[in-house]
Amino acid sequence: MYEKDGEEIFVIDGHVHLWDARQENIIHEGGEQFLQCFYDYHTGFTPEEEQWDIDTYRHYGADKMTEDLFGNAAADMAVFQPTYLDDFYDEGFNTTEQNAELAEEYPERFVLNGSFDPRDGEEGLRYLEHLKEEYDIPGVKLYTAEWRGDSKGWRLDSDDAFEFLEKCAELGIENINAHKGPTIRPLNRDAFDVKDVDDAASSFPELNFIVNHVGLPRLDDFCWIAAQEPNVYGGLAVASAMSTHRERKFGEIMGELLFWLGEDRILFGSDYALWNPDWLVDQVMNAELTDEQKDEYGVELDVDTMKKIMGENAAELYDIDIEAKKRQFRDDDISERFDLADHYGGDAGAAAD
Amino acid sequence: MSGSSADPTGDAGGDPRGDSTGEHAGDADGVAAVRERLDRVEDPELARSIVELDYIDAIEVDGDSVEVRFTLPTAWCSPAFAWMMATDARDEVEALDRVREARIELCDHMHGEEITAGVNARDSFGETFPDADGDVAAVRAAIADKARVSRQREAVRTLLDAGADPEQVVSLVRADLTIAGDEAHVDLDGFSLVVDAAPIADYLDRVTTSGHVTEPADTLFLTPEGDPIPADELDVVQKRSRLATVNMGGQGAVCDALHRARHGPDGPDGSGPKYVDPSDGDRSTYDGDEFTSTWTLATEE
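Quick mapping for you: the protein sequence lines, in order, are chains A and B.
Residues in the first sequence are numbered consecutively from 1, following the working numbering.
Residues in the second sequence are numbered consecutively from 1, following the working numbering.
These are computed hints drawn from the structure, not numbers from a lab.
Glycine included, each C-beta is placed from N, C-alpha and C at the ideal position.
Please note that the accuracy of each hint is not assured.
[Claimed, not checked] Ranges of calculated distance between the beta carbons of each label pair, as one might list FRET restraints:
| no. | chain 1 | residue 1 | chain 2 | residue 2 | range |
| --- | --- | --- | --- | --- | --- |
| 1 | B | Pro130 | A | Arg148 | 17 to 27 Å |
| 2 | A | Asp264 | B | Glu113 | 27 to 37 Å |
| 3 | B | Leu193 | A | Ser151 | 39 to 49 Å |
| 4 | B | Glu113 | A | Glu105 | 22 to 32 Å |
| 5 | A | Asp160 | B | Ser192 | 50 to 60 Å |
[Stated by the list, open to error] Computed far set for chain B versus chain A, every beta-carbon distance over 12 Å:
| no. | residue |
| --- | --- |
| 6 | Glu45 |
| 7 | Ser78 |
| 8 | Val149 |
| 9 | Ile179 |
| 10 | Asp205 |
| 11 | Thr214 |
| 12 | Pro216 |
| 13 | Leu222 |
| 14 | Ala253 |
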């Protein structure tokens with residue numbers, strides 16, 4: 001847990017991946033371009049001393065991931081967001097099955113989302129049922145810009161997509177995470193247009209739509225949609241990385257989000273391994289709005305607001321009881337491995353008190 | 001110029017990277033004139049000049065033909081945006097009397113070859129990218145609309161600051177406005193408010209071009225959807241237009257970080273050479289079987 005001004009903040013990293021971009025897994029030049037683009041995001045927004053080399057970045061593995069997320073207690077829990085990209089990667093880039101290996105090793109620490117692609121038709125619906133049955137997924141991560149044969153993407157407001165959203169509602173898969181954000185080479189920018197979320201969100205009020213990357217660079221479209229649709233949330237991945245070198249810009253974006261969505265509908269995400277929560281959480285927690293921004297937006301990034309953004313809002317969506325988790329984490333495998341018991345009011349913590 | 005070369009460092013002899021802009025000294029006046037025209041070309045997403053943004057790598061003038069090479073912050077900038085900048089650059093340069101032909105080369109972009117070939121062959125965007133959804137005109141309109149909304153904010157704020165009330169502001173029509181030198185005169189129910197012309201003229205320019213405000217009786221200020229604004233919603237429209245501005249700046253921050261990631265800490269605002277030797281700096285090169293570096297562009301001569 002992160003401590004700020006004497007307050008403990010339970011951190012749920014709402015956006016993590018365990019990917020494999022080793023060259024032997026790449027079957028299309030797009031797979032290499034995609035990873036290289038990710039790496040530019042990584043180096044572009046990571047403090048120099050925290051940057052990884054490209055080989056580590058291609059494949060860091062479960063062990064390093066566990067340590068990076070939880071080793072210094074930067075995050076208490078994390079939500080897997082799969083990205084299949086089957087046309088680019090032989091075994092997929094970051095599939096539910098790949099993520100599940102680690103999620104099932106530490107089920108108390110991870111939330112495992114699945115995914116669907118409406119272009120898979122009947123077979124896709126069966127796969128979604130399978131994911132629910134096999135892993136009891138509480139949500140899906142959707143990649144509307146994924147290539148499939150000649151198709152360069154799909155829309156969330158299409159008839160086919162609605163059929164899958166109906167299936168999600170029927171199965172109780174409530175959290176619909178959509179990547180709507182910066183272009184990633186070589187994907188088509190237009191496929192990240194956030195406007196299709198509008199109709200989907202109003203048609204499925206029983207589902208929650210978490211727009212990852214808050215629609216950047218369509219922040220204006222996103223905020224206007226979210227202001228009208230109470231079941232639309234903003235995931236901060238990429239935006240949170242701006243807290244490193246673009247603090248003023250980060251403050252401006254947070255000001256807009258707090259103004260239009262309010263503090264209950266914003267969720268922290270590192271986008272690991274694009275960025276690593278072991279330093280990013282610290283950056284975000286210490287970001288401040290300028291006086292001018294506070295004045296302009298009439299909002300504050302105070303500890304209570306940050307508690308919600310960093311964990312409580314995700315806990316609400318994924319039915320996580322934070323107090324019960326703290327008790328559980330006093331002696332779970334992760335706490336033992338990294339000696340974290342004191343963070344959760346265990347022995348060392350009790351002595352310190 | 002001594003031939004059109006794909007070598008991004010130029011081929012003028014001497015230190016190939018001695019001049020960070022890659023310009024040749026041979027026709028300094030010609031280069032300056034071309035640069036001045038290029039300054040009118042905007043990055044449609046940021047609504048700022050491509051010269052100011054330092055996208056121009058080289059301007060080469062050879063008699064009545066001109067070659068311009070430019071690089072965008074990232075290789076994956078929207079092809080439609082790249083196309084707009086390339087065609088606008090060609091048209092602006094060719095508007096110079098002394099120029100018979102301008103050749104534009106987009107360097108280091110995922111679709112650099114197609115765009116370079118298409119623009120110089122005078123093909124349409126649709127001919128160059130048969131698979132693309134929508135046309136460039138629609139993208140231009142969407143972008144222009146964001147600029148309109150952003151400019152409206154400044155104009156409305158100018159009037160509110162000068163004492164106009166929201167009811168008066170939302171009921172203004174085109175005929176209520178007169179620009180005289182650096183002053184704008186606004187007719188408010190019979191008395192005239194005088195304000196700085198710049199934000200008003202800039203806004204007028206955008207809405208006239210976009211076709212939103214052309215007739216004397218047209219309502220001057222509009223919602224992002226193009227409708228008249230109820231007085232009690234002026235505040236929320238102003239906040240939406242602030243959002244449009246924040247959005248533009250946010251994208252600029254992402255582009256800038258990616259540019260630095262690819263080209264080193266000196267680009268694009270620093271003074272260092274913009275180009276990085278492809279052999280040690282271009283991570284977009286894939287040494288597997290299929291993907292060849294986007295730096296190597298074919299020349300047409």
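Going through the hints against the structure:
1. B:Pro130 <-> A:Arg148: 17 to 27 Å: Roughly 19 Å apart at Cβ, these two residues keep to the hinted range, so it holds.
2. A:Asp264 <-> B:Glu113: 27 to 37 Å: For Asp264 of chain A and Glu113 of chain B the Cβ distance comes to about 48 Å; the hint is violated.
3. B:Leu193 <-> A:Ser151: 39 to 49 Å: 55 Å Cβ-Cβ, so the 39 to 49 Å window is violated.
4. B:Glu113 <-> A:Glu105: 22 to 32 Å: violated, 47 Å
5. A:Asp160 <-> B:Ser192: 50 to 60 Å: holds, 59 Å
6. Glu45: violated, 7 Å
7. Ser78: Ser78 of chain B not clear of chain A: closest Cβ-Cβ about 5 Å, inside 12 Å.
8. Val149: Incorrect as stated: the minimum Cβ-Cβ distance to chain A is 8 Å, not above 12 Å.
9. Ile179: holds, 29 Å
10. Asp205: Label holds. Min Cβ-Cβ 21 Å, cutoff 12 Å.
11. Thr214: About 25 Å separates Thr214 of chain B from the closest Cβ of chain A, which puts it past 12 Å; holds.
12. Pro216: Given a closest Cβ separation of 31 Å, the condition holds.
13. Leu222: holds, 15 Å
14. Ala253: Since the minimum Cβ distance to chain A is about 5 Å, Ala253 of chain B lies within 12 Å and the statement is violated.
The structure shown violates the earlier hints numbered 2, 3, 4, 6, 7, 8, 14.
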